[in-house]
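Visitor: This is what each chain is made of:
Number of protein chains: 2
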Amino acid sequence: MGMVHAWNGRKFQIMNSDNQTGQSAAVALEPLRREIDAIDEQLVNLLAERRQRVQKVIALKQAKNLPVYHPSREEDLISKRREQASLAGLDPDHVEELFRSVLRQSRVKQTAQIIRTGVRAGAKVLVVGGAGKMGGYFSRWFAQSGYQVRILEVDDWPNAAALCRDIDLAFISVPIPQTPAIIQRLAPFLPPQCVLADITSIKQAPVDAMLASHPGPVLGLHPLFGPMTSNMDKQIVMAVPGRDPAASQWLVDQFSSWGSIVEVLSAVEHDEIMSIVQALRHFATFAFGQFLYRRQINMARTLDFSSPIYRLELGMVGRFFAQDAPLYASIISATPERRAILKDFIASVADNRELLEEGNTEKFVHEFKSVAAWFGPFCDQSIRESTFLIEKLVERF
Amino acid sequence: MGMVHAWNGRKFQIMNSDNQTGQSAAVALEPLRREIDAIDEQLVNLLAERRQRVQKVIALKQAKNLPVYHPSREEDLISKRREQASLAGLDPDHVEELFRSVLRQSRVKQTAQIIRTGVRAGAKVLVVGGAGKMGGYFSRWFAQSGYQVRILEVDDWPNAAALCRDIDLAFISVPIPQTPAIIQRLAPFLPPQCVLADITSIKQAPVDAMLASHPGPVLGLHPLFGPMTSNMDKQIVMAVPGRDPAASQWLVDQFSSWGSIVEVLSAVEHDEIMSIVQALRHFATFAFGQFLYRRQINMARTLDFSSPIYRLELGMVGRFFAQDAPLYASIISATPERRAILKDFIASVADNRELLEEGNTEKFVHEFKSVAAWFGPFCDQSIRESTFLIEKLVERF
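Here the protein sequences line up with chains A and B, keeping their order. Going letter by letter, the first sequence gives residues 0 to 396 in numbering that gives the first Met the number 0. Going letter by letter, the second sequence gives residues 0 to 396 in numbering that gives the first Met the number 0.
Since the hints were derived computationally from the structure, they do not count as laboratory data. Since this is a predicted model, take the numbers as computed values, not measurements. Accuracy of the hints is not assured; some may be wrong.
Claimed, not checked - Pulled from the structure, derived: some chain B residues nowhere near chain A, Cβ distances all over 12 Å:
(1) 153
(2) 155
(3) 186
(4) 212
Said to hold, decoys possible - Label-pair ranges, simulated between beta-carbon atoms:
(5) A/78 to B/210: 52 to 60 Å
(6) A/119 to B/37: 34 to 42 Å
(7) A/78 to B/71: 36 to 44 Å
(8) A/26 to B/152: 44 to 52 Å
(9) A/92 to B/87: 21 to 29 Å
(10) B/27 to A/90: 32 to 40 Å
(11) A/87 to B/267: 50 to 58 Å
(12) A/336 to B/32: 44 to 52 Å
(13) A/183 to B/353: 27 to 35 Å
(14) B/75 to A/120: 46 to 54 Å
(15) B/177 to A/33: 54 to 62 Å
(16) B/353 to A/176: 13 to 21 Å
Here a beta-carbon is modelled for each residue, glycine too, at the ideal position from N, C-alpha and C.
Using the sequences provided together with the hints, build the complete structure.
Guide: Structure (structure tokens):
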């Protein structure tokens, strides 16, 4: 018994190196461990029973076309369990966390089964760029939900007229720089009542192009997730209304039915927010990873000696570089406004050169405190959320 | 029934706007929901029973001075539950996740109760800087573990001789720039056999100063966590042996007993790794938050439209600015080598100015791919870990 740690390469016994104490304790612990095992077995049995009931709920919801996510039912369920936990001397936060996890799991299962019945199953959907990563992702979701999916790729323009015949939706998923030109090229083939929608991560130029070239319903979309997202549960989709929202309501409903949360805003506000939420953030991550690469930092070694939060931060950088290079390059430099903000950012970073001179700590502390004061209450929330995640990370890895 | 979403400020019913279908479905769901509630109640009862058994295990371990964390027992328990889950048609990964959470919770409780019996309870510990955040944190942990804790603060130097009398450990927790000078000032008062240890986040200068001024046992420590960490479970502490490791083994054991993982390395390697793991990372975070502040970005609004990953990243920035400004200023600019690396980083970021010129996407893509190739297999791991965390974030918030 006793924990063994490496100390300068040699192995040392840490704590309780007395083997006899260890063995007698193990004997004494044995019956308790058997009892705990029995309880754990019952826990899993109950989870399996719960799963059966949830299956029945799914069948019912499916028959009645009810939504998967039912916020007030979930909150009610959680409060009951929190109360019971408190009375039983358990930590209610921890019990809540366990039940949130169970509920999410059942929501994911429900979504996976319910998607097969699309909001407008049978409708014809043309995915332009359907062989790309995002295009392929949504083609699969549409197809699984019972839509008739057609794909228009670079080589298919000679067949454009046939591909567009009688379609209910043209869904544009092509690289940002080509979006307006492809919309113009496609528009003449579209039935007038067909919904024209795009999923580009900027919205002003594409929505303008769609409104200018198609007289029918227009909807700008921007799903805030990538093709690596295994399901759309609670993922955000930004929607910019173009023309005739009632005619494209079914598409919004389809995203809701896939589990997404649809948020509506104007193209201008979308692009302004995204220049920060996407461009600045991605550029900062890019520059960080680029520097690690340029200096050929031994990452494995840094991870050996890293706190969970460093691991998490480096993980975000790794995640970024696992994405599609052209997509991210175009997100970062999509518009002149965006490029101007990033140049300002570069200048702002460089401003700190003098803070790094020896003995300038005071100025640095002053700047730090100004930013901290401005972040204000958001800091508390950040700490709560990130502490929760760090604990998850510690638990798992 | 039916989900309600905002569409341009007006409320629309999404899916199942037919109220009658909704009501009849609710009636049909009712008995199933009651059954699920009953199962959930039993789950919480079992968790409470489990907790009672764990209490008994704690009492036994405490009596026998056994370690809290028992990796092979945990892995064994997890495999049994995974197997049972698979047989019952449940997702074994999800069941593993639930049990890891339950195990962690019980480990935290165990640690909280066991710390009261210190590895060398009764020993006299002088915490220099014990009124500071980190100093106060460790003073509490030592005191709770039965040590006799004394504190030496700025005003206490006239009593230094009395405070140092018969101490077993002098534990230095003062700002980085003052560390060597304070060590020199303290050393003449120390009993020769007393352990001298510091927790500064650089190691070469402090360990050199300790070796030069104290003839007895010397140990450099660097806990990779801050005073906001509620417990030390699996948190990393770097240890740089100075002199006579056998004499300070009990201190290493004490950290293990508090739940920390102690990693041993040389002062040179420590400082090299930390210039990246701490200084570069903190500086990059600082520069990012500083820019948001300078541009007065409406953060609340960006959060309304943010993906879980953005929320997480911004949360890390918020967390950073909630920390102690002088501590982070000194971590960032602790040594000339560190400052040189950060200046290189600034230059590297600025190098990207030309990548942001219009039409330079190709060059950007090329650079992106070089970095991505170098990140290599680490990307996969990052995606697994961060996907797991994003799911947690979606679940909770």
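Visitor: Any hints this thing doesn't respect? Which numbers, in order?
Guide: none
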